[in-house]
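Colleague: Take a look at the letters that make up each chain.
There are 2 protein chains.
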Amino acid sequence: MRPMFEGLYKALYPKSIAVVGASNNPAKVGYSALKSVLESFRGRVYPVNPHADKVQGLTAYKSVRDIGERVDLGIICVPAEKAVEVSEEAAEEGFASLLVMSAGFRESEDERGKRLQEALASIAKRHGVRIIGPNTHGFINLEYGLNATFVPGLSGKLRFGGISLIGQSGGVCHHILINAVMEGTGFNKVVNLGNRVDVDFPEMIRFLAFDRTTKVIALHVEGIDKGREFYEAVREASKLKKVVVLKTGRSKIANRASLSHTGSVAGNYEVFRSAMLQAGVAFVESITELMDLSYAYSTLKCSGVKGGGVALITLQGGVGILFSDVLESKGGRLAKLSDKTLAGVRAVLPPRTFRENPIDVSFMGLDEDVLRSIYRLLLEDDNVSIIVLTYAMAPQWELSLNIFEERAVKPTILGLSAEPDTIRRLRTRLEGRGVLVYPGPERAAVVAALLGKYGC
Amino acid sequence: MRPMFEGLYKALYPKSIAVVGASNNPAKVGYSALKSVLESFRGRVYPVNPHADKVQGLTAYKSVRDIGERVDLGIICVPAEKAVEVSEEAAEEGFASLLVMSAGFRESEDERGKRLQEALASIAKRHGVRIIGPNTHGFINLEYGLNATFVPGLSGKLRFGGISLIGQSGGVCHHILINAVMEGTGFNKVVNLGNRVDVDFPEMIRFLAFDRTTKVIALHVEGIDKGREFYEAVREASKLKKVVVLKTGRSKIANRASLSHTGSVAGNYEVFRSAMLQAGVAFVESITELMDLSYAYSTLKCSGVKGGGVALITLQGGVGILFSDVLESKGGRLAKLSDKTLAGVRAVLPPRTFRENPIDVSFMGLDEDVLRSIYRLLLEDDNVSIIVLTYAMAPQWELSLNIFEERAVKPTILGLSAEPDTIRRLRTRLEGRGVLVYPGPERAAVVAALLGKYGC
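Protein chains in written order, with our numbering: chain A, 45 to 500; chain B, 45 to 500.
Errors might be hidden in some of the hints.
[To be verified] Not close to chain B: a few residues of chain A, all C-beta gaps over 12 Å, as computed: (1) 112; (2) 113; (3) 135; (4) 218; (5) 416; (6) 473; (7) 497.
[As the list claims (entries may be wrong)] 30 Å max Cα-Cα, derived DSS-like pairs, lysine-lysine: (8) 497/A - 270/A; (9) 497/B - 374/A; (10) 374/B - 497/B; (11) 169/A - 54/A; (12) 497/A - 384/B; (13) 106/A - 169/A; (14) 285/A - 158/A; (15) 374/A - 374/B; (16) 54/A - 384/A; (17) 158/B - 380/A; (18) 158/A - 384/B; (19) 126/B - 79/B; (20) 106/A - 201/A; (21) 201/A - 201/B; (22) 384/B - 270/B; (23) 270/A - 169/A; (24) 380/B - 158/A; (25) 497/A - 384/A; (26) 380/A - 497/A; (27) 201/A - 72/A; (28) 79/A - 270/A; (29) 270/B - 283/B; (30) 384/A - 158/B; (31) 283/B - 497/B.
[Claimed, not checked] Label-pair restraints from in silico Cβ distances: (32) 269/A - 410/B: 28 to 36 Å; (33) 284/A - 423/B: 50 to 58 Å; (34) 83/A - 101/B: 49 to 57 Å; (35) 375/A - 280/B: 52 to 60 Å; (36) 473/B - 324/A: 43 to 51 Å; (37) 57/B - 384/A: 51 to 59 Å; (38) 83/A - 416/B: 49 to 57 Å; (39) 155/B - 284/A: 57 to 65 Å; (40) 270/A - 204/B: 55 to 63 Å.
Hints are computed from structural coordinates only; laboratory data are not their basis. The C-beta atom is built at its ideal place from N, Cα and C for all residues, glycine as well.
Build out the structure end to end from the sequences listed, making use of the hints.
Modeller: Have a look at this one:
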């Protein structure tokens, strides 16, 4: 890692962690934060609590001054006023980085919060200690095995994968991670920036652009302060990694709430959107799209898809119609199949099925050979860039997934109406072959449209 | 039931059923159809198969002529040509109704299919036997406990409820039912009309309008033939029941596929949409919206919501912003809270939270008394018509669901990021109190917007 990221690197890959405000009381953030660290981290851990001798079985320190080590990461879980005081001490003791979970800074209604945030900014500036937050839910580094959030259990349940998420809102990150656990989406690093007193989007984006195991940078943005720097960072990052951006705070009231939430102005949505498109990133409109397109990019190995047509194989004609509607409404288009493909499809399917695109294989979908020969025709058809299969999942149809014998040379998407645990199981089984699995035909159609639009 | 629906009533509430093409081979539709009936139905069942003495343990009949009873419902699972022949015989034997699952009629590419469909139409006309289908996935009558589809196991897994679905596509019905099983959405009757040779939308809509236990009529339409009659039926039905309509076949290619799928022209989407809005129904844009709004209507008891504002209580500010964006993009609006409500909210929440709408309760969400007092303030605020809570589901937060002690006098929606089995469990627990549960904040926002738009 380059020296410019030294402090940030020590925050994300610490060898020692102090939890200030560490607690034995399960209702406290300092309890959950320490628990997360102890569950996941193998380095040295120092609980700091002036009122306890032991915290969660470990000897507690009265203050950060008592530790006697230049700790890599301090996690601060005490009230805002105290957090500033402790941060100053930790900086003086040579801590490399601080993760300030405490709320009550720029996002609060009173002037006091703004003053405290300025004090925190000044500490970072004077001492060179890197500060993530305040008002953050923390971060997870699955590559390193560290859960530095106040949600214990997350790192054990999440799969490791190529998506790194930088989120402004801890709540939105949390919703995404719950879905990731359910559906088996692999994450790499998840960083919630909170009020961004020091570590901000541009630097974090650049850090991930050079991060070896990150394949996709997913961004959830509410509002930014340094527009030009942000733009340059995503433009450069998108040359090295796939970048997917969701901007919330589009509505008027949301803009106001955003000011309170992480103390930032949401800004003009359309201006931001145009800038992002110009910077070469994929711009999405919901957390579901952010998750689903990021998953696609983290799993696929392909190129030249942009603008390409989509071919659908469906076991149910009505679902093909539904799929086509959603695809078109999101700006995607169905491929016009080549004469060779059409002739091939007609040779294996009876006339009572729909033998154009979408190809309604009906009950022939149970015949693995028929399905495989259609899939191969589509792989060879230059008019087809993306192939989708939709199923209402029945156990016997799982047999037909054998048609994906080797790594797909074109993005292949399964849209299955099935429980999340089925989705999770099939993702684990199929993602090595470049096959994407999503719940239901509607989400599959949106991903196909986005891949067609933004390429891969 | 009125005499006009006599044949249709006997189809949906039969005392005796013959399955023609009943089979011992699990790969055949006639196997699955008989299995579904035997699993769910307590009346007399007659398997018909000229080549077997016993089918699935029951004595088989060589032909419908051998049964010697005026059977209420004949389920036909033999190839199209044979299906016409058997239907004629059954009609002559005095069968009250036929469910023709066989494909290869108007939807197939060749002329033969069209001819066979005309022959089937003529049988219905000449004999007065009511025919559902052909090319249908069948129907389920959960009120009566009958699964007359070729998907065994469905009636045992589905919850009984107030939603009756009339679908043109078996595949779309199947996708909806898989989700209904996962999420615990209660259904009443689900009828897949297929090619509509006799029983068509208008009659089925009227039937359900007078059906005592149906509260919501959900329609999935690909294309219709008798526009005026359809319009009158939904207009009249919407005076008695909630009607929710999804029209697929919006895109050009989908329109072509529709012609093949159930042999109907999709028609102009905008014309259809305007007509539906004029008829007073709720018009939705995806199967997710069809399911979610239908569930809301089947669960709520309320009136005067139309145009009303939405109040959101969230434990996470960023989710409030996301919610507001989705709400506004679907035409909903956040309520302007009364001065009394604002004063009350400010009295119980600390200033570091967002104390307007959306109300970000942050960690105070763990305090049941705080949450209850805010909820009560919103129930009393005339500016608020719909109340939503969003959670990233953590076990300890489930305690706060105790705030819903009695039946909610305003539509109350929970948007939880949680596994479907949690959604299902909470639906069962809360729907008696008029509280709706959906997975995630985005689906909750869409339902809130639709309820605001179409009223309840």
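Colleague: If a hint holds in the structure, say so; if it doesn't, say that too.
Modeller: Verification of the supplied hints:
1. 112: At about 33 Å from chain B, residue 112/A clears the 12 Å cut-off, so the statement holds.
2. 113: Fine: 31 Å to the nearest Cβ keeps residue 113/A off the interface.
3. 135: Nearest chain B Cβ is 24 Å from residue 135/A, so the label holds.
4. 218: Its Cβ does come within 12 Å of chain B, the nearest being 4 Å, so this is violated.
5. 416: holds, 18 Å
6. 473: holds, 20 Å
7. 497: Answer for residue 497/A: holds, closest chain B Cβ roughly 16 Å.
8. 497/A - 270/A: holds, 28 Å
9. 497/B - 374/A: At roughly 23 Å apart (the allowed maximum being 30 Å), residue 374/A and residue 497/B satisfy the hint.
10. 374/B - 497/B: holds, 9 Å
11. 169/A - 54/A: holds, 17 Å
12. 497/A - 384/B: violated, 49 Å
13. 106/A - 169/A: holds, 26 Å
14. 285/A - 158/A: Measuring from Cα to Cα gives roughly 36 Å; hence the hint is violated.
15. 374/A - 374/B: holds, 15 Å
16. 54/A - 384/A: violated, 57 Å
17. 158/B - 380/A: holds, 27 Å
18. 158/A - 384/B: holds, 28 Å
19. 126/B - 79/B: Holds, because 22 Å separates the two Cα atoms, which is no more than 30 Å.
20. 106/A - 201/A: violated, 33 Å
21. 201/A - 201/B: holds, 29 Å
22. 384/B - 270/B: Given pair residue 384/B, residue 270/B is violated - Cα atoms ~53 Å apart, limit 30 Å.
23. 270/A - 169/A: holds, 17 Å
24. 380/B - 158/A: Holds, at roughly 27 Å.
25. 497/A - 384/A: holds, 26 Å
26. 380/A - 497/A: Status holds; Cα separation ~17 Å.
27. 201/A - 72/A: holds, 22 Å
28. 79/A - 270/A: Given that 30 Å is the threshold and the Cα spacing comes to 35 Å, the pair is violated.
29. 270/B - 283/B: holds, 21 Å
30. 384/A - 158/B: holds, 28 Å
31. 283/B - 497/B: holds, 17 Å
32. 269/A - 410/B: 28 to 36 Å: Holds - the Cβ-Cβ distance for residue 269/A and residue 410/B, about 32 Å, lies within 28 to 36 Å.
33. 284/A - 423/B: 50 to 58 Å: 52 Å Cβ-Cβ, so the 50 to 58 Å window holds.
34. 83/A - 101/B: 49 to 57 Å: This hint holds: roughly 54 Å between Cβ atoms.
35. 375/A - 280/B: 52 to 60 Å: Hint violated: Cβ distance 39 Å, outside 52 to 60 Å.
36. 473/B - 324/A: 43 to 51 Å: holds, 48 Å
37. 57/B - 384/A: 51 to 59 Å: holds, 52 Å
38. 83/A - 416/B: 49 to 57 Å: violated, 33 Å
39. 155/B - 284/A: 57 to 65 Å: The hinted range 57 to 65 Å holds for residue 155/B and residue 284/A, with Cβ atoms some 59 Å apart.
40. 270/A - 204/B: 55 to 63 Å: At roughly 57 Å between Cβ atoms, residue 204/B and residue 270/A fall inside 55 to 63 Å, so the hint holds.
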